[in-house]
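Per the working numbering, the sequence shown runs over residues 1 to 490.
No lab work stands behind these hints: they were computed from the structure. Cβ coordinates follow ideal geometry from the N, Cα and C atoms, glycine included. Check before you lean on any hint, since a few could be wrong.
BS3-like mimics (lysine-lysine), calculated; alpha carbons at most 30 angstroms apart, straight line [to be verified]:
| # | residue 1 | residue 2 |
| --- | --- | --- |
| 1 | Lys-338 | Lys-313 |
| 2 | Lys-313 | Lys-129 |
| 3 | Lys-17 | Lys-72 |
| 4 | Lys-98 | Lys-129 |
| 5 | Lys-94 | Lys-52 |
| 6 | Lys-433 | Lys-384 |
| 7 | Lys-395 | Lys-433 |
| 8 | Lys-425 | Lys-317 |
| 9 | Lys-383 | Lys-365 |
| 10 | Lys-395 | Lys-364 |
| 11 | Lys-384 | Lys-360 |
| 12 | Lys-286 | Lys-364 |
| 13 | Lys-73 | Lys-129 |
| 14 | Lys-338 | Lys-318 |
| 15 | Lys-129 | Lys-384 |
| 16 | Lys-94 | Lys-73 |
| 17 | Lys-383 | Lys-425 |
| 18 | Lys-73 | Lys-135 |
| 19 | Lys-395 | Lys-425 |
| 20 | Lys-317 | Lys-360 |
| 21 | Lys-129 | Lys-88 |
| 22 | Lys-430 | Lys-17 |
| 23 | Lys-66 | Lys-135 |
| 24 | Lys-286 | Lys-66 |
| 25 | Lys-318 | Lys-383 |
| 26 | Lys-459 | Lys-425 |
| 27 | Lys-365 | Lys-135 |
| 28 | Lys-365 | Lys-318 |
| 29 | Lys-317 | Lys-395 |
| 30 | Lys-317 | Lys-286 |
| 31 | Lys-430 | Lys-365 |
| 32 | Lys-17 | Lys-52 |
The calculated label-pair distances, taken between Cβ atoms and stated as ranges, are [as the list claims (entries may be wrong)]:
| # | residue 1 | residue 2 | range |
| --- | --- | --- | --- |
| 33 | Leu-109 | Arg-476 | 31 to 39 angstroms |
| 34 | Gly-74 | Thr-21 | 40 to 48 angstroms |
| 35 | Thr-445 | His-53 | 28 to 36 angstroms |
| 36 | Gly-74 | Gly-454 | 56 to 64 angstroms |
| 37 | Ile-474 | Lys-52 | 55 to 63 angstroms |
| 38 | Ser-334 | Glu-288 | 29 to 37 angstroms |
| 39 | Glu-346 | Phe-103 | 19 to 27 angstroms |
| 40 | Ala-92 | Phe-26 | 21 to 29 angstroms |
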Amino acid sequence: LDEPGGVPLRQIELGNKRSNTWLTVFENIIYRTDFAGDNYFYNGYILGYFDKHSCPNYLMEENFDKMQASLKKGALTLYTGTIEGFLKENMALKAANKPHATFTVASLLDHMDWMPHEWINSEISILMKNMDPEKGRIFWRSFADDVHSPILQHLNPVEIDQYPKVEGGYAGQFDYMSTDRVGMYFSSWIAHIKDANCTIEPRSISWSDSATTFDTSFLTTLKTGYKIVSFPVKQALGFVSTKKETANGHGKNIEAFYQDQAAVYDSFRENFLHARGPMLTCLPTKVEGNMTWIDVGGGTARNLEFIPVDVLKAKFKKIYVVDISPSLLDVARSRVEKVGLSDIVECVCCDFTDSESVRKHLPKKGSVDIVTFSYSLSMIPNKKGALESAMSLLKDGGDGYLGIADFFEKCGREHLLQYPIQLLKWLEAKAHKYYFRCDGVHLLTDEVINEGVGSDAVKEFDERFRGSVPLLPILRPIQGFTFYTKGLKR
1 LDEPGGVPLR QIELGNKRSN TWLTVFENII YRTDFAGDNY FYNGYILGYF
51 DKHSCPNYLM EENFDKMQAS LKKGALTLYT GTIEGFLKEN MALKAANKPH
101 ATFTVASLLD HMDWMPHEWI NSEISILMKN MDPEKGRIFW RSFADDVHSP
151 ILQHLNPVEI DQYPKVEGGY AGQFDYMSTD RVGMYFSSWI AHIKDANCTI
201 EPRSISWSDS ATTFDTSFLT TLKTGYKIVS FPVKQALGFV STKKETANGH
251 GKNIEAFYQD QAAVYDSFRE NFLHARGPML TCLPTKVEGN MTWIDVGGGT
301 ARNLEFIPVD VLKAKFKKIY VVDISPSLLD VARSRVEKVG LSDIVECVCC
351 DFTDSESVRK HLPKKGSVDI VTFSYSLSMI PNKKGALESA MSLLKDGGDG
401 YLGIADFFEK CGREHLLQYP IQLLKWLEAK AHKYYFRCDG VHLLTDEVIN
451 EGVGSDAVKE FDERFRGSVP LLPILRPIQG FTFYTKGLKR
């Protein structure tokens, strides 16, 4: 079921927003390719062999002499293993001042369609370190209509069909077909290393040696789950009080909710907040560095751990962890101090929806590179105010980047469903909405986000999926992450 017809499910899902995807693929293969004479991909599959009229160029008789000459020069190296393994070995040779390769072309075909964002980042980050910074270029094709990962968007790629057609091919150094030969791919892309908007840096799971520093045992999960479920009842009965001073009524409620969970806050949520890791993996790190990042509702500063300490030091001049809970920020300060980031990370207790508090504690308007909400926007009563504050702080001209990871009311594909499935999904969404509302979590809608970000915002990326909830295996709410830029599409 995960690979119907040998195609990974993740790749198939890239076409979910289209209608009649498979009919289009069938028409492409049958009517828009030379199926019998030139389409050696299917010819080989169906017949089990190539013939001299339908085969790759390197198997054609007129190219034998060229191939043999290149082989004698040692131009071909066969490697069995992963591309990352090969590239790491190449980097080790470079570090030891031994003969190594500097690549000008990387042809990745469609395998990144299969990969989660974390894997794409890992591969591209090490690939770029092995590429020629001036001549290097990366090619890939995709089942998606557009660039299917923010990490690849950061490379500033150009769709190949956008090259102006001229006699004999395309203008410039390249000569590509205007349509995919296989007929199953909806876009093809090329990125020049020198044109990339950002560097692609490694990511981490945590700043500790192992992610097991978080106690995700069943007993701890059960205890924390009990505190979360029982809180509304205790609060209604008047058994809850805050131990620390807070900014306002909402701050008092948040502090009361989290003060007894602060020590195990991260442990419970490791297997709960499924969109957080992908969003933080996809954050841009600009080539010039010197960036400013505000993490709204950043709590314990766990979000920062998805980026290695050395990358944070190299790319950011200032990071603000903003929260309305003093107890969570105490954990954040301790975490930051342990790794020596206190000089660039500031923990700020304030209400992000209060313009005067924002003006007093945070940078001036239009000076911030990144603002993130990681499962915090759904808990902020004044969502419009929070998003307006974020947009006002961000740099203009496409240089300001807003990231939101959270729970959503809809997946965005409901219109493609048929009755009665559409009705069942509607009833499920209402049940999810009521369940989360009991804990002060209000599922996000596109309407709420669009109202808050305003007309200056340009949506760069959006991904929705279902994720499990600890102790409640039947509950699989819609989660996801989305990115906006301010003023201009990147």
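Status of the hints after comparison with the structure:
no.	hint	in the structure
1	Lys-338 / Lys-313	holds, 14 angstroms
2	Lys-313 / Lys-129	holds, 19 angstroms
3	Lys-17 / Lys-72	violated, 49 angstroms
4	Lys-98 / Lys-129	holds, 16 angstroms
5	Lys-94 / Lys-52	violated, 41 angstroms
6	Lys-433 / Lys-384	holds, 19 angstroms
7	Lys-395 / Lys-433	violated, 34 angstroms
8	Lys-425 / Lys-317	violated, 45 angstroms
9	Lys-383 / Lys-365	holds, 19 angstroms
10	Lys-395 / Lys-364	holds, 10 angstroms
11	Lys-384 / Lys-360	holds, 20 angstroms
12	Lys-286 / Lys-364	holds, 20 angstroms
13	Lys-73 / Lys-129	holds, 26 angstroms
14	Lys-338 / Lys-318	holds, 17 angstroms
15	Lys-129 / Lys-384	violated, 41 angstroms
16	Lys-94 / Lys-73	holds, 21 angstroms
17	Lys-383 / Lys-425	holds, 25 angstroms
18	Lys-73 / Lys-135	holds, 22 angstroms
19	Lys-395 / Lys-425	violated, 39 angstroms
20	Lys-317 / Lys-360	holds, 19 angstroms
21	Lys-129 / Lys-88	holds, 10 angstroms
22	Lys-430 / Lys-17	holds, 23 angstroms
23	Lys-66 / Lys-135	holds, 24 angstroms
24	Lys-286 / Lys-66	violated, 42 angstroms
25	Lys-318 / Lys-383	holds, 25 angstroms
26	Lys-459 / Lys-425	holds, 25 angstroms
27	Lys-365 / Lys-135	violated, 38 angstroms
28	Lys-365 / Lys-318	holds, 15 angstroms
29	Lys-317 / Lys-395	holds, 15 angstroms
30	Lys-317 / Lys-286	holds, 12 angstroms
31	Lys-430 / Lys-365	violated, 38 angstroms
32	Lys-17 / Lys-52	violated, 40 angstroms
33	Leu-109 / Arg-476: 31 to 39 angstroms	holds, 32 angstroms
34	Gly-74 / Thr-21: 40 to 48 angstroms	holds, 44 angstroms
35	Thr-445 / His-53: 28 to 36 angstroms	violated, 56 angstroms
36	Gly-74 / Gly-454: 56 to 64 angstroms	holds, 58 angstroms
37	Ile-474 / Lys-52: 55 to 63 angstroms	holds, 58 angstroms
38	Ser-334 / Glu-288: 29 to 37 angstroms	holds, 32 angstroms
39	Glu-346 / Phe-103: 19 to 27 angstroms	violated, 41 angstroms
40	Ala-92 / Phe-26: 21 to 29 angstroms	violated, 47 angstroms
Going down the numbered hints, you'll see the structure goes against 3, 5, 7, 8, 15, 19, 24, 27, 31, 32, 35, 39, 40, while the others check out.
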